[in-house]
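Visitor: Start from the sequences, fold in the hints, and give me the full structure.
These are the residues of each chain, in order.
Number of protein chains: 2
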Amino acid sequence: MSEIHKFTGNVNQYEWEGVQSIPLEMEGIRDAAKRILIGNNEGAPNFIMRFFTLYPGGHSRLERHSQEHGVMVLQGKGKIQIGDELFDVNQFDAVFIEGNELHQFSNPHDAPFGFVCVIPKLD
Amino acid sequence: MSEIHKFTGNVNQYEWEGVQSIPLEMEGIRDAAKRILIGNNEGAPNFIMRFFTLYPGGHSRLERHSQEHGVMVLQGKGKIQIGDELFDVNQFDAVFIEGNELHQFSNPHDAPFGFVCVIPKLD
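From first to last, the protein sequence lines are chains S and L.
First residue of the first sequence? That's 1 in our numbering, and the numbers climb one at a time after it.
First residue of the second sequence? That's 124 in our numbering, and the numbers climb one at a time after it.
Hints are computed from structural coordinates only; laboratory data are not their basis.
All C-beta atoms in this analysis are idealised placements derived from N, C-alpha and C, irrespective of residue type, glycine included.
Be aware that one or more of the hints could be misleading.
To be verified - To give an idea of the interface, some chain L residues facing chain S are shown, with a C-beta separation under 7 Å as derived from the structure:
id, residue
1, LYS129
2, ILE161
3, MET172
4, ILE205
What the hints assert, rightly or not - Footprint (simulated), chain S over chain L, 3 or more residues, beta carbon under 8 Å:
id, stretch
5, 132-144
6, 212-222
Guide: In structure tokens:
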């Protein structure tokens, strides 16, 4: 079903109506949360649009998998490791991480780093 | 190949390094431009991330097609018709438009309305 999730947040805390924050408490991940903006709940058949928050000091897992990522930075700034290179990213930078590329998102700054990350839906 | 398109714009003009603006001059479309942030140039296999700008008075075509849209408003505000309803959208609103739903984006305001729109890649 078509759906609009209104943004209800502010510069420090990005939130959307009807979207839950899911703390990520897995090995290799620190101070991070996920929000699924468009996914199974909306009946999205081909891709999933998630929003990740990395709090100061937070990071995702250093990982490699077959799914590619389409990233749009929405909040703050952070770093992305792609392969063996580390890049600074800022609001509205667009990043494509191809499948099977080693990558990690991290936030060495003192404000939240938030970004949209699109992945194809696995069959 | 993995790639970063740095945002080089400002509040009135959203631009990215290495991304061209393509004016949309088709029937039913007015004062609109498209930028492909992630697509064939980046080797994206499953989805395409575009950024559309609707200038004041601009609109997309009122259309219906099988591909769904995943939308994230980045710039300004505008309106989206979904089915026979018209919704106001603002910065950071997330919108899912399911396949085969009639839809149109429009900008009745006096500043640019810009949004990311993800579509699955057609085979």
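Visitor: Now tell me, hint by hint, if it's right for this structure.
Guide: Evaluation of the provided hints:
Interface restraint check: L:LYS129 against chain S, minimum CB-CB distance 5 Å, threshold 7 Å, status holds. Taking 7 Å as the C-beta cut-off, the interface hint given for L:ILE161 holds, the closest approach to chain S being about 5 Å. A cut of 7 Å between beta carbons decides the hint on L:MET172: the least distance to chain S is about 5 Å, and the hint holds. For L:ILE205, the suggested interface contact is upheld, since its CB lies about 5 Å from the closest CB of chain S, less than 7 Å.
Given as covered by chain S, the stretch 132-144 of chain L passes the check, having 4 residues with a CB less than 8 Å from a CB of that chain where 3 are the minimum. Check result for the stretch 212-222 of chain L against chain S: holds, 11 residues qualifying (beta carbon to beta carbon below 8 Å, three or more required).
Comparing the model with each earlier hint shows no violations; every hint is respected.
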